[in-house]
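S.K.: Following this note's numbering, the numbering of the sequence shown begins with 1 at its first residue and continues without gaps.
Do not rely on the hints blindly, as some may be mistaken.
Derived DSS-like pairs: lysine-lysine, alpha-carbon spacing no greater than 25 angstroms straight-line [said to hold, decoys possible]: (1) K200 / K252; (2) K38 / K105; (3) K21 / K96; (4) K76 / K118; (5) K97 / K21.
If you are wondering where the hints come from, they were derived from the structure by calculation, not from laboratory data.
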Amino acid sequence: MDTSDPKAGASARRQLTVSYKPLGALTPDPRNARTHSKRQIEQIVQSIRAFGFTNPILADPQGNLIAGHGRLRASKEMGLQQVPVIELTGLSEVQKKALRLADNKIALNAGWDTEILKLELADLSIPEIDLDLSLTGFSAGEIDVVLAESDDPDDEVIPPVPEHPRVQAGDIWQLGEHRVACGDGRDAAFLQRLIGEGEKVDCAFLDPPYNVKINGHANAKGRHREFAMASGEMTENEFRTFLADSLGACAKVSRDGAVHFVCMDWRHMDDVTASVSDVYDTLLNICVWNKSNAGMGSLYPSKHEMIFVYRVGEAAHTNCVELGKHGRNRTNVWDYPSVNSMRGSRREDLALHPTVKPVAMVADGTVRANAPD
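Build out the structure end to end from the sequences listed, making use of the hints.
M.R.: Okay, structure coming up:
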């Protein structure tokens, strides 16, 4: 029984047969308008190696390509002897030209359900699967943009602080894939315990105390205790030693080429640069957090904080430049609202800590130097 669409033409009812032909029997169209970069050809190569040749080349009876120029080039790169081909007969030259364009353009006209796409990519990102996500055709930058697109720091639920804290120095808490520790940041051995034996840090966002009194600078209401160290009591030399010890400990547990983001206010920029000469090899940049609200102060209240970007060692650092191609551009000026300008759960953060940094700023700022596995 013929179940084909009675309104379709003869070409729509044609039975297609896949046969294998040697590469030398196929001729690319000299007027093929579709371009293929070296990177895309490599993606096709990796796809064929991972999944097989799942999409046959389309050609006319004379072996002239109609669709599949990229796949043919990838096959030559791989050294294949023959490829699967569907031979299309009965097409006029005009129809062949139109099909060459339509085969590429119609696919480009499709869109994405971003929520479903995010779920699919998230499923494939599970470490236990051990899949090279580049096999999906999405770059690391595209995947990062999709997975981060609907993240909202306000969705975080922060539990109330217990009246009698149970945490003691040396405690390490496992929170899913994450760890939180209570200890001395100047102790490299303790940091190694935190990240795990044999592990190395790829990227670190470090927010040491600024050696500035909290009350009178970070807030005026006296609702926070001063930091245990570097809260305005240290001399210049003491503070520089403190910074060298703190940042140096983290550098010791970081890989060669790791990137460290170091926060500091304008008062102690010189202290940072003076204290890290033996810690870091290269200052990559200085980023500025441009806040929505100014802090306290009489002459020109400060509305920004500095984030020094350093490289550990001499190896090349990660730079996920693909992010910029997909709408996630990053300059060295970061515009994020101050927590003291927010309401709701973000405002509650300020009650927990006097110098809160926006979670989104930390995530967005460091992602370029911290490509996913």
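S.K.: All hints are to be evaluated individually against the structure, with a verdict given for each.
M.R.: Hints, one by one, checked against the model:
Distance restraint check for K200 and K252: the Cα-Cα separation of roughly 9 angstroms lies within the 25 angstroms cut-off, and the hinted pair is therefore satisfied. For the proposed pair K38 and K105, the alpha carbon gap of about 20 angstroms is at most 25 angstroms, so the pair holds. Between K21 and K96 the CA atoms are separated by roughly 20 angstroms; this keeps the pair inside 25 angstroms, and the hint holds. Taking the CA atoms of K76 and K118, the gap is about 34 angstroms. The hint is violated against a cut of 25 angstroms.
The hinted pair formed by K97 and K21 meets the criterion: a straight-line CA distance of about 22 angstroms does not exceed 25 angstroms.
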